[in-house]
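Chemist: Below, each chain spelled out in residue letters.
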Amino acid sequence: MKYQSQSVSKPYFIAAIGLFFGQIIFGLIMGLQYIIGDFLFPEIPFNIARMVHTNLLIVWLLFGFMGAGYYLIPEESERELHSPKLAIALFWIFLIAGALTIVGYLSLPYARLAELTGNNLLSTMGREFLEQPLITKVGIVIVALGFLYNLSMTILGGRKTSISLVMMIGLWGLAIFFLFSFYNPTNIVLDKYFWWWVVHLWVEGVWELIMGAMLAFVLIKVTGVDREVIEKWLYLIVAFTLITGLIGTGHHYFWIGAPEYWQTLGSVFSAMEPIPFFMMTIFAFNMVNRRRREHPNRVATLWAMGTGVMAFLGAGVWGFLHTLSPVNYYTHGTQVTAAHGHMAFYGAYAMVVMTMISYTMPLMRGREANSNLSQVVEMWSFWLMTIAMVFITLFLTGAGILQIWLQRVSETPMSFMATQDQLMIFYWLRLASGLMFLAGLLLYIASFFINGEPATVESRNPVGARGAAA
Amino acid sequence: MSSGFTKGMARNIFYGGAMFFFLLFVGLSVDTVVNRLPDRDNRAAINDQVARGKEIWEVNNCIGCHTLLGEGAYFAPELGNVYARRGPEFIKMWIKMQPTGTPGRRQMPNFHLTDEELDDLVAFLKYVNGVDTANWPPNIEG
Numbered sequence: 063m064k065y066q067s068q069s070v071s072k073p074y075f076i077a078a079i080g081l082f083f084g085q086i087i088f089g090l091i092m093g094l095q096y097i098i099g100d101f102l103f104p105e106i107p108f109n110i111a112r113m114v115h116t117n118l119l120i121v122w123l124l125f126g127f128m129g130a131g132y133y134l135i136p137e138e139s140e141r142e143l144h145s146p147k148l149a150i151a152l153f154w155i156f157l158i159a160g161a162l163t164i165v166g167y168l169s170l171p172y173a174r175l176a177e178l179t180g181n182n183l184l185s186t187m188g189r190e191f192l193e194q195p196l197i198t199k200v201g202i203v204i205v206a207l208g209f210l211y212n213l214s215m216t217i218l219g220g221r222k223t224s225i226s227l228v229m230m231i232g233l234w235g236l237a238i239f240f241l242f243s244f245y246n247p248t249n250i251v252l253d254k255y256f257w258w259w260v261v262h263l264w265v266e267g268v269w270e271l272i273m274g275a276m277l278a279f280v281l282i283k284v285t286g287v288d289r290e291v292i293e294k295w296l297y298l299i300v301a302f303t304l305i306t307g308l309i310g311t312g313h314h315y316f317w318i319g320a321p322e323y324w325q326t327l328g329s330v331f332s333a334m335e336p337i338p339f340f341m342m343t344i345f346a347f348n349m350v351n352r353r354r355r356e357h358p359n360r361v362a363t364l365w366a367m368g369t370g371v372m373a374f375l376g377a378g379v380w381g382f383l384h385t386l387s388p389v390n391y392y393t394h395g396t397q398v399t400a401a402h403g404h405m406a407f408y409g410a411y412a413m414v415v416m417t418m419i420s421y422t423m424p425l426m427r428g429r430e431a432n433s434n435l436s437q438v439v440e441m442w443s444f445w446l447m448t449i450a451m452v453f454i455t456l457f458l459t460g461a462g463i464l465q466i467w468l469q470r471v472s473e474t475p476m477s478f479m480a481t482q483d484q485l486m487i488f489y490w491l492r493l494a495s496g497l498m499f500l501a502g503l504l505l506y507i508a509s510f511f512i513n514g515e516p517a518t519v520e521s522r523n524p525v526g527a528r529g530a531a532a
Numbered sequence: 164m165s166s167g168f169t170k171g172m173a174r175n176i177f178y179g180g181a182m183f184f185f186l187l188f189v190g191l192s193v194d195t196v197v198n199r200l201p202d203r204d205n206r207a208a209i210n211d212q213v214a215r216g217k218e219i220w221e222v223n224n225c226i227g228c229h230t231l232l233g234e235g236a237y238f239a240p241e242l243g244n245v246y247a248r249r250g251p252e253f254i255k256m257w258i259k260m261q262p263t264g265t266p267g268r269r270q271m272p273n274f275h276l277t278d279e280e281l282d283d284l285v286a287f288l289k290y291v292n293g294v295d296t297a298n299w300p301p302n303i304e305g
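Order-wise, the sequence lines are chains A and B. So our numbering is basically just the index in the first sequence, starting at one, shifted up by 62. So our numbering is basically just the index in the second sequence, starting at one, shifted up by 163.
It is possible that some hints are incorrect.
[As the list claims (entries may be wrong)] Only pairs whose alpha carbons sit at most 27 Å apart, straight line, appear in this in silico DSSO-like list of lysine-lysine: (1) B:K289 / A:K222; (2) A:K283 / A:K64; (3) A:K222 / A:K283; (4) B:K170 / A:K294; (5) A:K222 / A:K72; (6) A:K64 / A:K294; (7) A:K222 / A:K294; (8) A:K283 / B:K170; (9) B:K289 / B:K259.
[Said to hold, decoys possible] Residues of chain A placed beyond 10 Å of chain B at every Cβ, according to the derived structure: (10) S69; (11) K147; (12) I164; (13) G166; (14) S169; (15) G220; (16) T343; (17) F407; (18) R429; (19) I463; (20) W490; (21) L504; (22) G514; (23) T518; (24) V519.
I should point out that these hints are in silico values taken from the structure, not numbers from a laboratory. Here a beta-carbon is modelled for each residue, glycine too, at the ideal position from N, C-alpha and C.
Working from the sequences, and respecting the hints, build out all of it.
Modeler: Structure representation (structure tokens):
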């Protein structure tokens, strides 16, 4: 850690991991509700569990991005953070607001929560992923603006690098496009059309800029490859992200009332959306192969390479699978969508945040890398979570294909609920994979509590394996 | 990458490409919203009752289990075409009789809607059913 103020990232990352754990617990509850329909009913109905699951995901990723910003921007700008106090204050505001929102979801009927939080003043609730009460949404905007002010002031007085520039464009975009969550007309087509300006322009747009910048930052550190080369890659990757992804929004406009030219535009451009993700994979592997130094934090390098591969598979390949409009006509709104959503969010965003955490946490705890044992446990957690996610995705894809066949392709289509009964084997296997994911996550958390002598480059070689016993 | 390709060139592709495609996206969206949607989004059917129905849809987080035009959760049936599939009376009766309480089956909460609120909700579902969705879903089962 080069600057003392970078340590404000630490609480952000700890909170991110805590909320991630909560997300997985609610994921497992839902996985069981898919099979045993009345599990935890009426205490936690499915819609509440799902809202908690997805909202925790969004909030922990935001914590992760903010933590990454507070760490990365001072180091890139070569100066202390403009205001560490503001960063800590915003941390507590965001954590408490987030926790109160989740408590509200779980303890009150949603309609009552809407009534108590002023949804009648400006109704924004009850739309997928944007379920937060108005005051929480306003809170997110305030926290985001404070965060952006803090980082922007830091950059303005310091060195301006391509990495920090791309990171800031991504983060400003995140805040700006979130403002569309306040637009909620009665016209359902307009509502949905601009809802995607938050959701798609986040995850298939500006979030990829944030992701690319985080990945580039870690790759410079762990490989020692020349900044000029890495930043050239970064610009090309994010260029292709926006060249394909902006018009690629059209793949959400096929069946919601938008004009039919979006079927052509959305299919063609979103079919190219895997390109930037493929470039990220090539980028990560290429930089690691061309490394000019050996970094003792091997597990951070593993996460960085894993992010490239899994983002390409989840967002790229699984996205492409159902993005052409003639295919999407049958897959739209089925378990195929769920399969893609899971692997894309894990592979791109969960993993890039864990890459950043893996690289920075040891530094913030006063060492270049964790002990060999801690790293080995973290590598186990990497493989368990990643393989579990591959299985979850495959089983949901299987469920989706069968669902499409029975409910949409068949000459005698079955009803939705009758179809669901036929998918149970896949849901059982998905639940088992979810338990495997939980085991991986528990190991991940445990790895932070394993101390011992920090690994060094020498201790990686079999000859000098002194750290292995630590 | 060859050495002739510089970071500056990559940066220009980024800024130029992003700007061009963002403006194109905004332009297409203006065309969609101004010129195309009026003929497709069934806006003639929107009235106060539909507006109230949409609020009821939202404040009970229906999207947390159901899909509407294919978007939402995948735990319960598609409702964009439920008006055509089941008709108004069935929808109201069904909502009133929840939860079924059948052991092991997926349960829908009872939202304690009044008769007037049920009519509002049905009006909203009827309006959505009238949106031109390019012939989606493939069949009535959604």
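Chemist: If a hint holds in the structure, say so; if it doesn't, say that too.
Modeler: Each hint, compared with the structure:
no. : hint            : result
1   : B:K289 / A:K222 : violated (55 Å)
2   : A:K283 / A:K64  : holds (12 Å)
3   : A:K222 / A:K283 : holds (17 Å)
4   : B:K170 / A:K294 : holds (4 Å)
5   : A:K222 / A:K72  : holds (24 Å)
6   : A:K64 / A:K294  : holds (25 Å)
7   : A:K222 / A:K294 : holds (15 Å)
8   : A:K283 / B:K170 : holds (19 Å)
9   : B:K289 / B:K259 : holds (18 Å)
10  : S69             : holds (31 Å)
11  : K147            : holds (34 Å)
12  : I164            : holds (14 Å)
13  : G166            : holds (12 Å)
14  : S169            : holds (15 Å)
15  : G220            : holds (19 Å)
16  : T343            : holds (16 Å)
17  : F407            : holds (15 Å)
18  : R429            : holds (33 Å)
19  : I463            : holds (14 Å)
20  : W490            : holds (14 Å)
21  : L504            : holds (27 Å)
22  : G514            : holds (41 Å)
23  : T518            : holds (33 Å)
24  : V519            : holds (29 Å)
Taken one by one, the earlier hints fail for this structure only at number 1.
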